[in-house]
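Q: Input sequences plus hints: build the corresponding full structure.
For reference, the chains in residue letters:
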Amino acid sequence: MDLATVAIAATPSFLASAVEFVEATTIVLAVGITRGWRAPLVGTALATLTLALIVATLGVALVTVVPEHLLLGIVGTLLLLFGLRWLRKAVLRFAGIVAVHDEEEIYRREVAELRAQGLRRNRWDWIGMIVAYKAVLLEGTEVAFIVIAFGAKGVGAMNAAILGAIAAGIIVIALASALRAPLTAVPENWMKFGVGAMLSSFGIFWFGEGVGAAWPGDAASIPVILGSFLLASWIAVRMLGGLLPQGARVEARNV
Amino acid sequence: MSSVFRAIWDNTYGLLVDDGQLAIGAILALALTWVIAHSGTDVLSENAGWVLLALVLALVLANLYRAGRNARRRAG
Chain A
1 MDLATVAIAA
11 TPSFLASAVE
21 FVEATTIVLA
31 VGITRGWRAP
41 LVGTALATLT
51 LALIVATLGV
61 ALVTVVPEHL
71 LLGIVGTLLL
81 LFGLRWLRKA
91 VLRFAGIVAV
101 HDEEEIYRRE
111 VAELRAQGLR
121 RNRWDWIGMI
131 VAYKAVLLEG
141 TEVAFIVIAF
151 GAKGVGAMNA
161 AILGAIAAGI
171 IVIALASALR
181 APLTAVPENW
191 MKFGVGAMLS
201 SFGIFWFGEG
211 VGAAWPGDAA
221 SIPVILGSFL
231 LASWIAVRML
241 GGLLPQGARV
251 EARNV
Chain G
1001 MSSVFRAIWD
1011 NTYGLLVDDG
1021 QLAIGAILAL
1031 ALTWVIAHSG
1041 TDVLSENAGW
1051 VLLALVLALV
1061 LANLYRAGRN
1071 ARRRAG
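Protein sequence lines, in the order shown, are assigned to chains A and G. With the first letter of the first sequence counted as 1, position 234 gets the number 234 in the numbering used here; the numbers rise by one all the way through. If you want the numbering used here, it's the position in the second sequence, counting the first as 1, plus 1000.
Don't read these hints as lab results, they were simulated from the structure. Incorrect hints may appear among the rest.
Just the calculated beta-carbon pair ranges, DEER-fashion [to be verified]:
id: 1; chain 1: G; residue 1: 1074; chain 2: A; residue 2: 102; range: 19 to 25 Å
id: 2; chain 1: G; residue 1: 1035; chain 2: A; residue 2: 173; range: 43 to 49 Å
id: 3; chain 1: G; residue 1: 1039; chain 2: A; residue 2: 154; range: 28 to 34 Å
id: 4; chain 1: A; residue 1: 106; chain 2: G; residue 2: 1035; range: 42 to 48 Å
id: 5; chain 1: G; residue 1: 1031; chain 2: A; residue 2: 177; range: 44 to 50 Å
id: 6; chain 1: A; residue 1: 57; chain 2: G; residue 2: 1061; range: 35 to 41 Å
id: 7; chain 1: G; residue 1: 1044; chain 2: A; residue 2: 99; range: 42 to 48 Å
id: 8; chain 1: G; residue 1: 1014; chain 2: A; residue 2: 48; range: 20 to 26 Å
id: 9; chain 1: G; residue 1: 1066; chain 2: A; residue 2: 227; range: 20 to 26 Å
id: 10; chain 1: A; residue 1: 50; chain 2: G; residue 2: 1039; range: 40 to 46 Å
id: 11; chain 1: A; residue 1: 99; chain 2: G; residue 2: 1006; range: 23 to 29 Å
id: 12; chain 1: G; residue 1: 1009; chain 2: A; residue 2: 235; range: 34 to 40 Å
id: 13; chain 1: G; residue 1: 1074; chain 2: A; residue 2: 60; range: 45 to 51 Å
id: 14; chain 1: A; residue 1: 170; chain 2: G; residue 2: 1041; range: 50 to 56 Å
Ideal placement from N, C-alpha and C gives every residue a C-beta, glycine not left out.
A: Dropping the structure here:
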């Protein structure tokens, strides 16, 4: 496994997973602190198992069954759609059009909801388990998707993508366990912006390879594509700043 | 059972699509790139990737411009 393969598969996987793990950890932490740790930890373990099964079945099927050119086309398409979604939302958040993801606020809301539902000490806490399971599965699906997409290039890439995701999970869980509070200091929007630009760039590069386009210098074209996305995003943030009145903060979700 | 499939569909759709117009635009750009790569001249086929990049960047800027205008209208 060469260094470029590791970097290409592990870096976006690590960054995207870190963002998703921060979001999932906020919910699991809220459940654990308000209702006890056994049920949410079981829910988290079950969700992790479900995600491992998804990665194992879909990942192996993609790598072994689908021909390489078709695989590049499919993975490129999915990465582009997924990346543009993150990039668009991050740019709108930078411009103040969409509210920034607030872990502290999500944590408070979740704690209030869980307390309102009550807890019977002598019974198994199904609510705590299901809330944790759903949160980890929902956020983890995006991680699984990214791992499968970046791992689709082969066994080495798959291992690197899985290792990137696991490393992010360990770091986020260790930090949350040490602090016992939501990780509000993580620059989520910057990370989502970076990952969105990276995924979109790889999407374009791999789709181009899939249809037989020639990239000068092969993978050396990726930084140029990434730079183009970063430049376009900077132009977009400036353009949106000009469109909206100075300092206006319009928290409209559907724009 | 149908609610399970519905939930799976909603999650999968939500994973890839935040704005329908951007997603449709991206798919059209990919389709156009495929056509260029397979039916164009050698020069066009070899540069199909750059064509896709230009199309997608224009699409992103146009989509965000529309989003900004909509937000300004909502802000009154």
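Q: Would you mind marking each hint as holding or not holding in the structure?
A: Hints versus structure:
1. For residue 1074(G) and residue 102(A), the Cβ-Cβ distance of about 21 Å falls inside the hinted range of 19 to 25 Å, so the restraint holds.
2. Roughly 47 Å separates the CB atoms of residue 1035(G) and residue 173(A), a value that falls within the hinted 43 to 49 Å.
3. A C-beta distance of roughly 31 Å is found between residue 1039(G) and residue 154(A), which places it inside the suggested range of 28 to 34 Å.
4. With their beta carbons about 44 Å apart, residue 106(A) and residue 1035(G) fall inside the hinted range of 42 to 48 Å.
5. One distance hint, 44 to 50 Å for the beta-carbon pair residue 1031(G) and residue 177(A), holds here, with the actual separation near 48 Å.
6. Range check, residue 57(A) to residue 1061(G): about 39 Å between beta-carbon atoms, so the 35 to 41 Å window is met.
7. Between residue 1044(G) and residue 99(A) the C-beta distance comes to about 43 Å, which sits within the given range of 42 to 48 Å.
8. Between residue 1014(G) and residue 48(A) the beta carbon distance is about 21 Å. The supplied range of 20 to 26 Å therefore holds.
9. Checked against the hint of 20 to 26 Å, the C-beta distance between residue 1066(G) and residue 227(A) comes to roughly 25 Å, which is consistent with it.
10. Between residue 50(A) and residue 1039(G) the CB atoms are about 43 Å apart, so this pair conforms to the stated range of 40 to 46 Å.
11. Distance hint check: the CB atoms of residue 99(A) and residue 1006(G) are about 27 Å apart, consistent with the given range 23 to 29 Å.
12. Taking 34 to 40 Å as the suggested C-beta distance range, the pair residue 1009(G) and residue 235(A) conforms, at roughly 35 Å.
13. Our hint of 45 to 51 Å for residue 1074(G) and residue 60(A) holds, since their Cβ atoms are close to 47 Å apart.
14. Checking the proposed 50 to 56 Å range against residue 170(A) and residue 1041(G) shows it holds: the Cβ atoms sit about 51 Å from each other.
Every hint, counting from the list given before, is met by this structure.
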